[in-house]
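Asks: Spelled out, the chains give:
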Amino acid sequence: MRRMPAAILVLSFAVLLPPPPSGADPERPEPLPADALGVILPAPPPAPHQVWVADFVLERTAGFDANDGRLLGMLSAGVGTIAPLFSQARGEIYLPETYYSRGSRGTRTDVVTIYDAATLAPEAEVVVPPKRADVVHAMALSTLLDDGRFLAIANFTPATSVTIVDVEERRLVGEIATAGCHLVYAAGPRRFFMICGDGSLLQVTLDEAGHEQARIRTPPFFAILEDPVTEKAVRRGDEWIFVSFDGLVHSVDVAGETPRFAEPWSLLDEADRGASWRIGGVQHLAVHEASGRLYSLMHRGGPDEHKVPGTEIWVYDLETRRRVQTIGIRNLLGAFLAQQTGTPGGALLWLLERVVPNPGVDSIAVSQDADPRLFGLSRSAGTVAVWDARSGEFLRYLENVGIAPGALQAPWR
Amino acid sequence: MSRSETPSWERHLDRWAEAAARQLARGLSRRSLLGRLGATLAGAAALPLLPVSRVSAASSDPAPAAPEGLDGPEGDPSSCQYWRHCAIDGFLCSCCGGSHTACPPGTVMSPVTWIGTCRNPADGRQYVISYNDCCGKHLCGRCLCNRNEGDRPAYLPPKSNDINWCASAPSTVYHCSTAIVLGVATES
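Here the protein sequences line up with chains E and H, keeping their order.
Under my numbering, the first residue of the first sequence is numbered 1, with each subsequent residue one higher.
Under my numbering, the first residue of the second sequence is numbered 1, with each subsequent residue one higher.
For the record, the hints were derived by calculation from the structure and aren't laboratory data.
One should not assume that every hint holds.
Claimed, not checked - So, partial list: chain E residues that the calculated Cβ filter (under 10 Å) puts toward chain H:
{"id": "1", "residue": "98"}
{"id": "2", "residue": "139"}
{"id": "3", "residue": "158"}
{"id": "4", "residue": "282"}
{"id": "5", "residue": "303"}
Stated by the list, open to error - Restraint-style ranges between C-beta atoms, simulated for each label pair:
{"id": "6", "chain 1": "H", "residue 1": "138", "chain 2": "E", "residue 2": "65", "range": "25 to 33 Å"}
{"id": "7", "chain 1": "E", "residue 1": "122", "chain 2": "H", "residue 2": "101", "range": "36 to 44 Å"}
{"id": "8", "chain 1": "E", "residue 1": "207", "chain 2": "H", "residue 2": "121", "range": "55 to 63 Å"}
{"id": "9", "chain 1": "E", "residue 1": "91", "chain 2": "H", "residue 2": "125", "range": "55 to 63 Å"}
{"id": "10", "chain 1": "E", "residue 1": "276", "chain 2": "H", "residue 2": "121", "range": "50 to 58 Å"}
{"id": "11", "chain 1": "E", "residue 1": "265", "chain 2": "H", "residue 2": "183", "range": "35 to 43 Å"}
{"id": "12", "chain 1": "E", "residue 1": "91", "chain 2": "H", "residue 2": "138", "range": "32 to 40 Å"}
{"id": "13", "chain 1": "H", "residue 1": "138", "chain 2": "E", "residue 2": "237", "range": "35 to 43 Å"}
{"id": "14", "chain 1": "H", "residue 1": "124", "chain 2": "E", "residue 2": "269", "range": "36 to 44 Å"}
Where a beta carbon is used, it is the ideal one built from N, C-alpha and C, also for glycine.
Could you build all of it, start to finish, from the sequences and the hints given here?
Replies: Right, here's the structure in full:
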């Protein structure tokens, strides 16, 4: 490289830099210091009041702080189902992702990307068979087994199977054939179960290397033709809680070698049924493990309305099996419209909440801390409502959470 | 106006208006539980007899004749309330450059799909409807429609409209959904 003459160098800086101040102007503040370039913030430390909202149009999932409404960061996710799995113990997030070499066509590659929860940056990936299931509600499609080492992914080609990934060693273990059964639910450090087409469960136990060691098929535990359970179950310790279309609670205890089924009980009494109350929504259940409170999205409607958004959230005590609280749902579309006008609070919000028809809530989730938050997502309004989960007091809206928001998760404890 | 030119609040309002109209229509068209149960059972009974993969055969076979009684105005296939859409979940291909029985140009039809049983108001018959997805291009984004007559959870795949049935196509990227008559449902 040729050396630049010193005079030209000096002249260049003289052109670029402003002239030196001729004297301090008492009326004028000091000039701003130059900002540092290339700064990238870390993610805020995981906290219980952080809620993650997936979006299959934006192909990402984003975290929000429910205490102040801030967007904390996001993970890009490729096409199809977006359902991250969060490992508090390892400080990692695992996201099954699908990519095509030409965007919407070409060679398909499925991976589990391992993100550092502290930076939200990808650390590693494990290539898995290009078979993972894509279901719009994004529930029970993958699960992290209880000690956080093995991850199970439900496949659908439409033949069903399960892929096992060792996230500790960051390697693919293999694929397990599970014909006739679909979806995956964790049931221990080395165990998961699936729901089969006759209403039974298939429980698979893994060995220490992650390969199939044993399998058990239970008898059917619900009436598959007359009153099937939804696949949107929630877990409290060793108990998985399923609810049927007609509101029957079917609990599955996975503590022992064989799943045990509790006597079903109903979310609805005669008066509720007479008034046509029923379950509904995309993600219609949430449970606060420590208090044993079960939250259920409810609306009034007819048969086949199991996906209609809820207009109320009914709260049950799982010990007494009684409804202990009803939380009304404010108008999230009114909140969205008020936010679009640039006046998210005040009289206009008050008016819009009362004038615009209430779209209800599609999905709910609850944080697991001692001062829990209840979250309710309206997909059509792209807005999340936040309540105090114990008192039912409305606290705030999280607006603009996505264009086509999907799975709602409050993963950190 | 294209999606990118439409203000965000208008898109949300459109979606809300559509959802409200659908909810209203659902209430107006509600039939008796027994009627629905009968149709569901009839559809379920017909299910084992149905060929699961029909697309490859259809490409060389002549188009099947329309069942008797389907002549005359059937309704608007680009409407969510169109009778064949009783168990659909997705964007209507009629609004996406295709039709209710054909995929838009350049897409690929999923060979395997889910099945609904819908009543044709023109002749009062229950028909088995195959909701083949069209695949290989990104979301159409027009005429989103979700109706759930006889829809069942994803552990019953042939009855589940939440599943992306492009799983069986060369590209699993979902574009829109058709509503193809397979035949008259067997009366139970």
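Asks: All hints are to be evaluated individually against the structure, with a verdict given for each.
Replies: Here is what the structure says about each hint:
1. The beta carbon of residue 98 of chain E comes within 7 Å of a beta carbon in chain H, closer than 10 Å, and the hint placing it at the interface holds.
2. At its closest, the beta carbon of residue 139 of chain E sits 9 Å from a beta carbon of chain H; the interface hint therefore holds under the 10 Å criterion.
3. Interface hint at residue 158 of chain E: satisfied, since its Cβ lies 5 Å from the closest Cβ of chain H, which is below the 10 Å cut-off.
4. Taking 10 Å as the C-beta contact cut-off toward chain H, the hint placing residue 282 of chain E at the interface holds, the least distance being around 9 Å.
5. Interface restraint check for residue 303 of chain E: the shortest CB-CB distance to chain H comes to about 6 Å, inside 10 Å, so the restraint holds.
6. A hinted range of 25 to 33 Å for the beta carbons of residue 138 of chain H and residue 65 of chain E is consistent with their spacing of about 31 Å.
7. A C-beta distance of roughly 43 Å is found between residue 122 of chain E and residue 101 of chain H, which places it inside the suggested range of 36 to 44 Å.
8. Here the CB-CB span from residue 207 of chain E to residue 121 of chain H is close to 58 Å, well matched to the stated 55 to 63 Å.
9. Against the hinted window of 55 to 63 Å, the Cβ-Cβ separation of residue 91 of chain E and residue 125 of chain H comes to about 59 Å, which satisfies the hint.
10. In this structure the hint that residue 276 of chain E and residue 121 of chain H lie 50 to 58 Å apart at CB is violated, the actual value being about 25 Å.
11. A hinted range of 35 to 43 Å holds for the C-beta pair residue 265 of chain E and residue 183 of chain H, which are about 42 Å apart.
12. Against the hinted window of 32 to 40 Å, the Cβ-Cβ separation of residue 91 of chain E and residue 138 of chain H comes to about 34 Å, which satisfies the hint.
13. Restraint check, residue 138 of chain H to residue 237 of chain E: a C-beta distance of roughly 41 Å satisfies the suggested window 35 to 43 Å.
14. Residue 124 of chain H and residue 269 of chain E have their C-beta atoms about 38 Å apart, which keeps the hinted 36 to 44 Å range intact.
Of the hints listed earlier, the one the structure fails to meet is number 10.
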